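J.: Chain residues, written in single-letter form:
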Amino acid sequence: MDVELAKPFIKAAIDVLSTMAFIKPEVGKPYIKKNTVAAGDVSGMVGITGDRNGSVSISFTKGCAVAIVKNMLGDEIEDIMTDVKDAVGELTNMISGQARAGLAERGLVFQGSTPTVVMGDGHTISHMTKAPIMAIPFTTSDGSFTIEFCFE
Amino acid sequence: MATLDDFRNKEFLDQITILNEISGSKNPEALPKLVELLKKPVGDTSIDYMVVNALNAVLSGNEEKVIEGLTDEHDGYRILCIRVAGEHGFKAATGSLVKVAQTEFDPDRLMEILTSLARIADTAALPIFRKHLEHNDPFIKSACIEALGKLKDETSIEHLKVMIEDSDSPERFEVCDITTWKAVEAMASFSRDDTIGFLVEKLHHTNPTVRRIITDALITIGAPSINMLFNAFESGDADSKILSANILGFVGDRSGADGLVAAFDKGLADDSNVRYAVYEALGRIGTMKGIICLVDGLSETDELILMAVIGGLEKHVNPGMISTLTKVISNDDDQSDRLSKAVVSSRAINIFDALYEVDGAGDVLMDALLQSNDPEVIEQFRALLIDIGGSRAEEDLDRLPEIATSLSKALAADDSRSMCAMHRAILTDLGFKPFMATNGEEAYEFIEQGEEFDVIITDMNMPVMDGMELVGKVRNTPGYEDVPIIMVTTESEASQQEMARKAGVTAFVTKPFNPDTLKAKIEEVTR
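Chains as they are written, first to last, in our numbering: chain X, 1 to 152; chain G, 1 to 527.
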């Protein structure tokens, strides 16, 4: 069940990033996290409710986040901080939406919260759960990012 | 009936109404035209999406058509049929799905088929799950492990064992793969003696995450795991005994307590760390035999162990226990001092309440309370005395000191309640304001919130975030490069001390220790 839930998010992340930001992420080996903390420089998070409850986060390194914004906005970057925040929020929203649509086609109906973006070098976010957290690492030519899931 | 004739030329709103109606009526006559709409989409995202929904609805009552569609040349329709078969658990589709899976090499499509087969949960699909147990794609592999566990496929047990064994090899143990997680969960679903025995044996897995997953799995299995845990307790080393006792405590089954008491009587808990774990477990379970054993534990002299005993008894206060406690506490000797101190430090409110009105015992407890420097402890007992009321309580309330919050702060992290109580008592004795955490993550949160500490005390093994990781994170936090960190370890963890020292631990204290040892160490490093 857990694996079945994770797959559409991965597919959505790859789809969204390659269409919107022209970045082709390579999927690494998924693992179970030692702790409940997501670490990165810029993170987008959504809460998921429905058949099961949980949260999903996508944490980007600075380099990767900036590359995404540059690819999305070209030379029109005004304020890099605001643009990064907007872009990551938007991407998280799209990934969450597309993944949930994919799950709905399998008869699994979920609602997603509006995304929250957290910025700050090396910040951490805690998933409030007792269940193991699955992390899927991605690499791109501009840095890495990680998607994390936990479902009760 | 809504008709799909000339659908493409209809108004948007009409199109929506028609598709909605079909989704509701599930009229099979609409099928051919819907399939055609799927294969040649209208081009409007919302309409196309609704076509999929309507098709799903119509197909949900049409098993034959779904099975036919499993081999359709059109990718989208084929996937839709695969999903519908899974969603509605069409057992008749198993054979065809297995056949399709045999020749499917695209990982995404294979995953779709396997997911549907897992949902249908027909044993006829076992061979295909077994076949892909070593698939390169970790998600496919995990889905197969999950399905084999769900179907309780005993043939795969050996394979699962090998997977868990392999995950403990020197080149792999650092990461807990999702496949390892799934293999442990699948293994736990069998609830056979050999599978449970295997998991108990693997409680020592080198990777702390895997250890935690196995512990949780055994707690979930519950009573059936008790015998195996006893075997480990009886034949294993001190570490095995501690781990098994902890799990037995969390399982909370009566027979667990009885067995622990028996083991205790056989002299299997002579090691003080083991005894401590046994008392904590007995306190959690709380059977008559267990409580009697805890009452016997009142003669322990080690302060830490006494706190485990008192902490355990606190949850199950009864008249017999109180009469014994009254006797030993009123004795006015070293042991009564230790006990009253343990009652205060572990904040055993119920015991205090029961003994307060008893001549002799109440005075000894009040003396111990008046010696405490911990503002939180004082506050808690103050509230209790107000509750008790009466002239005596009022007099005692007046005697309670107002403790000014001290300026030096200390952080202590330990997952054992008694250890936390002990750290708290030691730190307040030394004039620190204590901040307590039950794991590394909670501890680090205090630091993230900007608290500044003069000393940090941490356990090595804790759930969620262990001591080693906490130390690493603390040392990487600006301003925390030189704050003294004391790590509390057991003898058996000595081998990991070198690693901990490299991570930034200032000093070590080996369990069991008496409070003075830790006090001296704290004074030494904060000087």
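Hints in this document: simulated from the structure, not taken from any laboratory.
Owing to the predicted nature of the structure, the values given are computational and were not obtained by experimental measurement.
Think of the CB as a built atom: it goes at the ideal place given N, C-alpha and C, for glycine as much as any other residue.
Mixed in with the good hints, there may be bad ones.
What the hints assert, rightly or not - Here are the simulated lysine to aspartate or glutamate pairs, EDC-like style, with alpha carbons at most 16 angstroms apart:
(1) Lys11/X x Asp108/G
(2) Lys266/G x Asp302/G
(3) Lys29/X x Asp296/G
Unchecked claim - Negatives, chain X to chain G, calculated, CB over 10 angstroms:
(4) Ile32
(5) Arg52
(6) Asn93
(7) Met94
(8) Thr124
(9) Ser126
(10) Thr140
J.: Does each hint hold? Answer for all of them.
T.: Here's how the hints hold up against the structure:
1. Lys11/X x Asp108/G: holds, 9 angstroms
2. Lys266/G x Asp302/G: The hint is violated at about 21 angstroms.
3. Lys29/X x Asp296/G: With Cα atoms ~53 angstroms apart, Lys29/X and Asp296/G exceed 16 angstroms; violated.
4. Ile32: Given that some Cβ of chain G is not farther than 10 angstroms from that of Ile32/X, nearest at about 4 angstroms, it is violated.
5. Arg52: Non-interface label on Arg52/X holds, nearest chain G Cβ at 15 angstroms vs cutoff 10 angstroms.
6. Asn93: Its Cβ never comes within 10 angstroms of chain G, the nearest being 16 angstroms, so this holds.
7. Met94: holds, 13 angstroms
8. Thr124: The assertion about Thr124/X is violated, with a minimum of 7 angstroms to chain G.
9. Ser126: The assertion about Ser126/X is violated, with a minimum of 7 angstroms to chain G.
10. Thr140: Label holds. Min Cβ-Cβ 20 angstroms, cutoff 10 angstroms.
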